[in-house]
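Trainee: Just so you know, the sequences run in chain order C and F.
Numbering-wise (this note's numbering), the first sequence opens with residue 1 and increments by one.
Numbering-wise (this note's numbering), the second sequence opens with residue 1 and increments by one.
Hints listed in this document are in silico derivations from the structure and should not be mistaken for laboratory results.
Any given hint could be a false lead.
Stated by the list, open to error - Stretch-level coverage of chain F by chain C, calculated; a stretch enters the list once three of its residues show a Cβ under 8 Å from a Cβ in chain C:
1. 178 to 184
2. 196 to 210
3. 273 to 281
Beta carbons are placed, not taken as given, at the ideal position from N, Cα and C, and that holds for glycine.
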Amino acid sequence: MTTPMVEALGIHKSFGRVEVLRGVDLTVMPGEVACLIGPSGSGKSTFLRCINHLERIDAGRMRVDGDLIGYRERGGKLHEMRESEVARQRRDIGMVFQRFNLFPHMTAAENVMEAPLTVRRESRRAARARACALLDRVGLADKYDTYPVQLSGGQQQRVAIARALAMEPRLMLFDEPTSALDPELVGEVLDVMRGLAADGMTMVVVTHEIGFAREVGDTLAFMDEGRIVESGDPRDLVTNPREERTRAFLAKVL
Amino acid sequence: MAAPELEKPSQPISAVPVRHPGRWVAVVVLAVLAAMFVNTVLTNDGFRWDVVGRYLFSAPILNGLQNTLLLTVLSMAIGIVGGIGLAIMRLSPNPVLTSVAGLYIWVFRGTPLIAQLLFWNFLAALYPQLSLGVPFGPAFVVFDTNQLITQFAACLLGLGLNEAAYMAEIVRGGLLSVDEGQTEAAGALGMSRAQTLRRIVLPQAMRVIIPPTGNETISMLKSTSLVVVIGYFELLTSAQRIYSQNFQTIPLLIVVAIWYLALTSVLSVGQAFVERRYGRGATRMSTGGSRMFGMGAQR
Chain C
1 MTTPMVEALG
11 IHKSFGRVEV
21 LRGVDLTVMP
31 GEVACLIGPS
41 GSGKSTFLRC
51 INHLERIDAG
61 RMRVDGDLIG
71 YRERGGKLHE
81 MRESEVARQR
91 RDIGMVFQRF
101 NLFPHMTAAE
111 NVMEAPLTVR
121 RESRRAARAR
131 ACALLDRVGL
141 ADKYDTYPVQ
151 LSGGQQQRVA
161 IARALAMEPR
171 LMLFDEPTSA
181 LDPELVGEVL
191 DVMRGLAADG
201 MTMVVVTHEI
211 GFAREVGDTL
221 AFMDEGRIVE
231 SGDPRDLVTN
241 PREERTRAFL
251 AKVL
Chain F
1 MAAPELEKPS
11 QPISAVPVRH
21 PGRWVAVVVL
31 AVLAAMFVNT
41 VLTNDGFRWD
51 VVGRYLFSAP
61 ILNGLQNTLL
71 LTVLSMAIGI
81 VGGIGLAIMR
91 LSPNPVLTSV
101 AGLYIWVFRG
111 TPLIAQLLFW
121 NFLAALYPQL
131 SLGVPFGPAF
141 VVFDTNQLIT
151 QFAACLLGLG
161 LNEAAYMAEI
171 VRGGLLSVDE
181 GQTEAAGALG
191 MSRAQTLRRI
201 VLPQAMRVII
211 PPTGNETISM
221 LKSTSLVVVI
231 GYFELLTSAQ
241 RIYSQNFQTI
251 PLLIVVAIWY
261 LALTSVLSVG
271 QAFVERRYGR
281 GATRMSTGGS
291 RMFGMGAQR
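So that you can see chain F by itself, here it is in the shape it has in the complex:
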């Protein structure tokens, strides 16, 4: 009584697929919501798209954008270099180095970033002069703190040193993820500890370090707006200055959002490329590319 097409099991299966009515309901609901959203964006005059267009490439906005980029890149550079150093200290067999790094991370992660920015900005109140010389002895050069630590320098110190504390934990996690056998194999070949770290351990740790570092960079992009507390300016501050005068709050916030989204997109693409670079040898199928699609097997 079996149907004829079921008699040959080697034939490709042509079965009736399971129906998913719930999915269709969800699609309809979302489609309606999307239509409502597009409608309001196009019809509500409050968005003032003409104002958005006028300010998107205006000089003050581009100025702010430049500062945002500069602060992000430099602070992240300080953060990453400092983080690697702190992570290596924390994993060192020397208990003094370990606890100094631990103390640093405790202080810089445990106090608000705004407070740290303010602290660096008002360092002159604590130390009007900074000098280079023999400890407890004579000084060779003396600087005026306010001249040495400009607003920009205070921003970098605040953002960068704070970031280093977070990066330290990210890098430490990456270093710990590398199998101990790797260090032993390198050691047995006669490689020094520094060579092993640079050539064997760090490149493998990078696979674990990069994704959260991408997170940190995108987060930093927006954290730079905190520099407003010490009177410096970047993208968001520039927009605020403009709408405090012309009251076009929403259009200028849209301008800012467009720029942040554009920068985040560029960073995401960059991250994918770096991940591919360090994913070499991680998967059987390719030399790393498949992880771009978020489904590469971990071996």
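Chain C with its partners taken away, still in its complex shape:
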């Protein structure tokens, strides 16, 4: 049996007294595209951030490719991982943010080269060659030496995807990658993501793009109030939701 790429079991997370995640279970197999939808405040972004330990979970178990994230189990007890060990786990998990979070003091190519240079100690030449190849792949062959401020939102997000791919991750996390974009720029980012999915990348995508989820997603999960209300095949779920809450949400966004 293949190991799931992501295996979340009973994830709980609170911020102060607010319980944001109340027992989330999710399994994503290698090569699958899992989409998460739900109203704002439903916990979907928080859950995504738990996968690479940007948020520390309060209860449950998060495994990526079989490895416990952020903790080590030894003698029936959980030991917190050191910062360097968490960093090592994160190398294999790419993340794309809603607000791009490109490094503004670096050009597009330098953004993509940064992690290979500092984390993997690659040579400048090798890192540059890979950065250029990745920027070509996301359709930015003419923007190597452009600073982020000079790029449109869609171009910035494509650089951000290239930057995450530079570490050759096994899993890509997308946190509402098109929500901060002007409507006419959404398509170019979704096209890149479509290409990634076609190449077999395992992806977890928090999104409001129901169309993308239906077309590209292998599974679709609807979250509300910190729980996954229902999940399944995207086409079935969108056309034939079982739960009343799902139906109400879809009626609003479709």
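Could you slot chain F onto chain C? The hints should help.
Mentor: Using the frame of chain C, we list chain F on its own:
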């Protein structure tokens, strides 16, 4: 009844500009004052420009100048390095580090610089000997405090450690100005906290840190004259020594002012270059240069 040139709105506008009589009055007043100033500078013999010329490059003045420069550069180096360290401590999740840094800043900002200079100079009165060894145990090396902390060292300790407290707050402000998403993005790429700080956060914080640091450096240039309280000398002290003998107070103060202005000008130019270096990617129009003119949009 419209005038013919108003019929085509696409033509360039040639309108009568608004008159500003107030500006002209101001210009005239300022021109008169400037003329009076130039006149008095040239005609009042008290300025003694010949004396100014004689002392501008004289050995004692240049000696003092050298000390001013040395003290400024070294004290600022101590201040900046110490300030970065203290700022990182203050922002650390470790409450002990945070409060130690807070205590340091409280003490060194809260007591007069002159008192601190005197304290370091008279450290021997408190501790005649300093030693390296096991705490509460045997000492390996013992130094005579007065030999270890020379006047010059006391100056550096006083100026540098005091400056570190001010720089700490400047650096902290700079670090806080960098968006949290930057740290998250670096963390998600697998960069360590130290790498994130050095490669991502500090370079961006520099844009906010540099202008007040330029202020501090220029201020330090002149604060070095406080070392007179412990008997050390620099530019201003050298001039004072000279005019206490020949009573040419005003000409020697002019000599000092000329040198301070020259150094400040050099520092301002240097600051502009450093700002341009760290302004990369900050503006849409250029890769940072337009901020030199003080009007670059912040994005």
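Trainee: For a quick check of understanding: which of the numbered hints are violated here, in increasing order?
Mentor: No numbers; nothing is violated.
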